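Chains as they are written, first to last, in my numbering: chain A, 590 to 1101; chain B, -19 to 92.
Any given hint could be a false lead.
Keeping only pairs whose Cα atoms sit at most 30 Å apart, straight-line, the calculated DSS-like set for lysine-lysine is [claimed, not checked]:
#, chain 1, residue 1, chain 2, residue 2
1, A, 1029, A, 962
2, A, 969, A, 1008
3, A, 962, B, 88
4, A, 778, A, 795
5, B, 78, B, 6
6, A, 1093, A, 962
7, A, 962, B, 78
8, A, 694, B, 78
9, A, 962, A, 746
10, B, 78, A, 1029
11, A, 795, A, 776
12, B, 6, A, 778
13, B, 6, A, 694
14, B, 6, A, 776
15, A, 746, B, 78
16, B, 43, A, 746
17, B, 43, A, 658
18, A, 776, B, 78
19, A, 778, A, 649
20, A, 962, A, 694
No lab work stands behind these hints: they were computed from the structure. No experiment lies behind these values; they were computed from the predicted model shown.
Take a look at the letters that make up each chain.
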Amino acid sequence: MNPLIPLFVVIPLAGAFLIMILGRFIGELNKYFASLILLVLVILSIYSLATTGENLSLYKVGGWEPVNKIPIGIYMVMDGFTVIVLCIINVIGFLSAFYSISYIKRYTAENYFYALFCLMVAGMNGVVLSGDLFNIFVFLEISVISSYALVAFGVEKNELEASFKYQVLGGLASFLILYGIGFIYWKTKTLNIADIKEVFNAGYDKSYYLFVQILMLSGFGLKAAIIPFHAWLPDAHSSAPSPISAMLSGVLIKAVGIYVIIRLFFNMFAVSEGMSVLITTLGTLSMVIGVFLAIGQWDIKRLLAYHSISQMGYVVMSVGIGMILVSRGARPEIASLAIAGGIFHLINHAAFKGLLFLNAGAIEYTIGTRDLKEMGGLAKSMPATSATSFIASMSISGIPPFNGFFSKLIIIIAAIMAKFYLLALLAVIVSIVTLASFLKFQRYAFFNKTDNKNENHIKEVPFPMVFSMVVLSILCVLLSLLAFPEIREAVLTPAIDILMDPGKYSSQITGI
Amino acid sequence: MIVYWLCFILFLVGLYGVITRRNLVKIAISLSIMEFSTFLFFALVGYIDGGVAPIVDPADPVKVYVDPLPQALVLTAIVIGLATTSMLMAVIIRLYRKYGTFDIREIKNLRG
């Protein structure tokens, strides 16, 4: 029993309600309260990252002990992969909440904003910590319902339309997931991920198993916006307030989409070649199509949202290559390299895409438009925004000293070593197109000359916004340290081990 | 077996409504139909023919009980469904105030 685990859900959940109650009495201090809550969570998650390592710790909700080694209560599990995603959620969450202190002044009802924000973080922490399928569904709904409300927070035409689209597709995804859970429960009579694995190991009907896998993949694929399911993402992510866009793009699609797909397909289902080829294909499609949809965009946040689809494609493709190799049982060292590349890119994407959305928010905050054609010459008047967005742009396009370069390099090397030459070539091409698209962003937003009359009024954004952007840009540089073998072994290897070893996760949970 | 197929047909009815209806409220209703087909399926998973409510009676040990867990899950899912539906309806009301129509063909600011 690890007493820290429930705190990740309890603190933001209690915080959400406290903000609503205390908000009436403490007035101005209220807006620092959400940042404070998230700062506590950041400290807890970094402490967990430092202490977890190879261990796997459990929390049994309500103290229900297993009977005959069959788990009956709800389990919350923390392992090497969970802590990485927890760190992403809470660090980006803290920086976005701190950024909101200045940004959210444009809206009314700040209390509701921070309460929903904390609720969303609580839901995502719950999804990644949960070791129980139905519990994953419940926490997923908590986080997506608050994100529906947050997308519509501006209550203007575009926001409401985007939120409606997001809700219809999100609802569809939830029903598919619920059906999947129902079918799994029908055959296995258990909801614990580790226990389901054990039951499926004893034998299963092949076509039934495939059907359940497809249901789960399409449900969580819709949440993760992998390409045939991507229609809601550009609208929702571009219409939300900027700190929320940073949370949605940087964290939500990873925590409730990619993380759950990786967790279920490695640790619950036995990895099969057909499924892993399907996942790799979907990943490659999103990588290629996403970037070509992005290149024609003139709205900054829409451009960034399409790039999210493309960058998530890298992650899914890389993990998919790892799955193909695991299912063939050949060359585990290359499989672990591919999965390492995928997880590394997942971490990096949170940093640079979060930063880019915060930059877009800073531009919108200052000049009040998101259209690239109406900007220009901002580099002189907004030095901090300009410098940080340059770092983020170079990072996402994979230019050497920054983190994006190293993760893309690992992915491409893994693809070449696994003899998927076409995928490696596509990854390079997509990276070049990404660079082109971000050079356009840099040129039109910051360097182009403009005939803007009120140029003298444009000045740098307030301190909280600058602080968040600078911290994220420092992270963009520092995260490239993960490419070094010693640090990689300390952080990424435990996550890869738990995913690669088919029986480790389930035997450790049912064995405790 | 036929009852499972009926449940699946109910799901398809909802899906058909979401795809073909043009009225926002009708889309919300279709989503609710899909939702309830899911709940019905869960209740069917737990149902055992001839089973009774799972209240264990020591005097009569040979009873067949239905599985109580899916019912607990459905209750949770219904509460979640209530939250999503009310959220959706709130957004629909706001949309109506902004656009003055429920017709989805006229609500198309976001393109590309």
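**Q.** Violated hints - listed by number, lowest first
**A.** Hints 2, 6, 10, 12, 13, 14, 16, 18 are the ones this structure does not satisfy, whereas the remaining hints hold.
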